[in-house]
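Q: Let the sequences and hints guide you as you build the complete structure.
Going by the working numbering, the sequence shown opens with residue 1, and the numbers climb by one from there.
Mixed in with the good hints there might be a few duds.
Claimed, not checked - Taking CB as the label site, the calculated pair distances span:
1. I112 / E34: 23 to 29 Å
2. G87 / A20: 39 to 45 Å
3. P22 / C67: 19 to 25 Å
4. Q40 / P73: 30 to 36 Å
Unchecked claim - Pairs of lysine to any residue, SDA-like flavour, derived with a Cα cap of 20 Å:
5. K152 / A72
6. K133 / D27
7. K152 / P49
Derived from the structure by calculation, the hints contain no laboratory data. In this text, all values refer to a predicted model and were calculated from it rather than measured experimentally. The beta carbon of each residue, even a glycine, is placed where N, CA and C say it ideally should be.
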Amino acid sequence: MRWLLITGVLAAGAVMAQEALPPLPEDYCRWEREGFAIPQPLCGLQGDPERGRALALDPHGGNCIACHQVPAPEVPFQGTIGPPLTGVGSRYDEGELRLRVVDEQQVNPATIMPGFYRDPRLANRVADDYWGKTFLTAQQVEDIVAWLVTLK
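A: Printed below as a string of structure tokens:
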């Protein structure tokens, strides 16, 4: 009986938490997952691989190099926490890469990789200046995905 009461209280709290979410920011594009992919580009945007590469290498942009090794010999210090990105365009299609950039936790709940375009209302421990914002814009995500696809 006690277990049933605890389960009921937890379920009610989860429902209330979902209802308490504020509306999404106007510039946030909803996306739909199909399996382990987001097949459609965010907001219908087309990515630019050159901009994507620049963002991936930029410590103030996507900063992929903080955790991953990339085919960029001009960048001396690259991360080793995540898998190398060389050949990632051969292993995954565009939609699969998009989901991994948007929210890797949808694929691997145990990952430490942040969701760069997760629903911003679900973020916790966020400074007030960043509340309701994503790490990257939809265009930046599409640019990085366009670059990742080229890494064959």
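Q: Next step is simple, just say for each hint if it's right about the structure.
A: Results of checking the hints against the structure:
Roughly 25 Å separates the CB atoms of I112 and E34, a value that falls within the hinted 23 to 29 Å. Between G87 and A20 the C-beta distance comes to about 43 Å, which sits within the given range of 39 to 45 Å. As the Cβ distance of P22 to C67 is approximately 30 Å, the hint placing it in 19 to 25 Å is violated. Evaluation of the 30 to 36 Å hint for Q40 and P73 yields a pass: the beta carbon distance comes to about 34 Å.
Between K152 and A72 the alpha-carbon distance is near 14 Å, which keeps this suggested pair within the 20 Å criterion. At most 20 Å may separate the alpha-carbon atoms for a hinted pair to count; K133 and D27 meet this at roughly 9 Å. For the hint linking K152 to P49, the alpha-carbon distance of about 13 Å falls within 20 Å, and the restraint holds.
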